[in-house]
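With these hints in hand, go ahead and build the complete structure from the sequences.
Protein chains: 2
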Amino acid sequence: MYVGIDVGGTAIKAGVVDEKGNIISRGSVDSRPDSGAETVRLMYVAMTHALDRGMISRGDITAVGIGSTGLCDNRRGTVIYSPNIAYDNTPVREYFMERIDARIDVGNDANCAAVGEYFASGESRGSFVFVTLGTGVGGGIIIDNKLLRGVNGGAGELGHTTLFPGGRRCGCGREGCWEAYASVTGLIRDAEERGGWFAARQKIDGRTPFEGAAAGIPEAVEVRDNWIRNVAIGVNNLVNIFQPDRLVIGGAISREGDTLISPIREFVSKNAYTRGVSGIRQTEISAARLGNDAGIVGAAFLHKIQ
Amino acid sequence: MYVGIDVGGTAIKAGVVDEKGNIISRGSVDSRPDSGAETVRLMYVAMTHALDRGMISRGDITAVGIGSTGLCDNRRGTVIYSPNIAYDNTPVREYFMERIDARIDVGNDANCAAVGEYFASGESRGSFVFVTLGTGVGGGIIIDNKLLRGVNGGAGELGHTTLFPGGRRCGCGREGCWEAYASVTGLIRDAEERGGWFAARQKIDGRTPFEGAAAGIPEAVEVRDNWIRNVAIGVNNLVNIFQPDRLVIGGAISREGDTLISPIREFVSKNAYTRGVSGIRQTEISAARLGNDAGIVGAAFLHKIQ
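Chains as they are written, first to last, in this note's numbering: chain Z, 9 to 314; chain L, 9 to 314.
Each hint should be verified, as a subset may be incorrect.
Note: identical chains are not told apart, hence a pair may lie in one copy or across any two.
Taking lysine to any residue and the SDA-like style, the derived pairs with C-alpha atoms no more than 25 Å apart in a straight line are [claimed, not checked]: (1) K278 to E183; (2) K211 to T18; (3) K154 to W205; (4) K312 to G134; (5) K312 to D109.
Honestly, the hints are just simulated from the structure, not real lab data.
Quick caveat: nothing in here was measured; it's all calculated off a predicted structure.
Have a look at this one:
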């Protein structure tokens, strides 16, 4: 059995994961954004909770994977840096290896979610791109069963590709990033800026435009469709770069299913560079399957994909 | 020794290439855009010319690589389709194997140029992104010594990522592609649209804005710097996606050297997602080394990288 740990700025979640990707037991503690060293200790505490709750012995765990916000160096087993947690080349593997006899891997949290969805979405072959739409837009790329980490652990920051030069301010401080448009944060902003029906809502979240559109509200249809189009433009860019076997779209909003995925598929079928070439394979685009558990399962499976 | 063949819509160029990447002899014939089958025959003619001129025997050739415009399927050894030549799943490997006892590989021309620059730019490791700025914008991606071909041979169409949604019409029929801005065609259009000093030129080519800017002409500085910025935005996007070890910029205009490369490096150092994280490696950005020969050398070296 494996342990996957998903470390965000708010919570540290651990799960004991079996060979099939089922989460057998879970543990969770609050994050300590002010201290990388303390965060590592709490990762271990979260793991211990998960083991204790499942009455699972340390000796049954052969691999532990840690998916954290930030840049990870899996050769050294460290988290280099995160904008959300005060890491500073913090040694994660060392801490765990002193306490458990298992293989220890580290990776970026969105990259880990990509690994989880990769294994959940079928056979392991060719190239795979994962895009997650949430507060931000993240992702991960797997090619020939290997996670693309880049020269510094920072590969897969798909949301920080510029889509509208000089456009909306992004959380990263730059202007016009895809994330500023295609994130759920961007969708909510679109709705707020649109006003009309939206102005009368008590609270707007990512579902509001989808619910309004389903009820036939014109402003909601407009905001939803425009947002989906901005998602689709970026997805199409990734298709033209990678022509991957599979591209999976995750984040809570991917639960909208075909309402979200069908128009993206249609956009790509009309805009990919290979459109109109008959008799060739095209990228399969689908919604994520694991939801919030992708990070835990992917971290637990990191050792399968190095 | 190897043979590399570079097939474009105008000319088919062949070269006999040694182990170090030197082109020993060359042959060239005109293309036949109206016929894929005839184009394959002419590839063979171009190779024969190169062999004859170098007085090299077929028996000394262990590998032949064909880099062609369009989508290539190296498993089947075919060129699937090209917008410039009337291929239709045209069997290239079969034709050559009936005539020469060597390994035969096929690949997209820009992908082949990437392979050439990859070997020319130093040690083979990590991930490598090549961008070529010419009539269009093409490229290629090499990860762990393997060319990224994608599910249909179409990977690496870097120029057809949307950078300005709703923007300039691209040669591919869509709007706002990076290519419409970052190609030399885009640069010439910028100059023509800018007018002023440019309107008095008899002929504007890609060098004109660089020459004018070097002479201190304000409109030329403006056009050049704006164009470089549009190139840099797209390069930065690729850095954020791949965080490659190396990114090389090719095409004839890359002979401008540091005038082009330095501002791109500066832009990326200020805009990459990993900017400001100290103590980590960053992508090395440099100009191409092989110039027009990259396609021939890369095709000849295709067998080294499968």
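Going down the list of hints, with the structure as the test:
1. K278 to E183: between (28 Å within a copy, 13 Å between copies)
2. K211 to T18: within (22 Å within a copy, 60 Å between copies)
3. K154 to W205: neither (47 Å within a copy, 52 Å between copies)
4. K312 to G134: So K312 and G134 pass the 25 Å test inside a copy (15 Å) and across (19 Å) alike.
5. K312 to D109: within (17 Å within a copy, 40 Å between copies)
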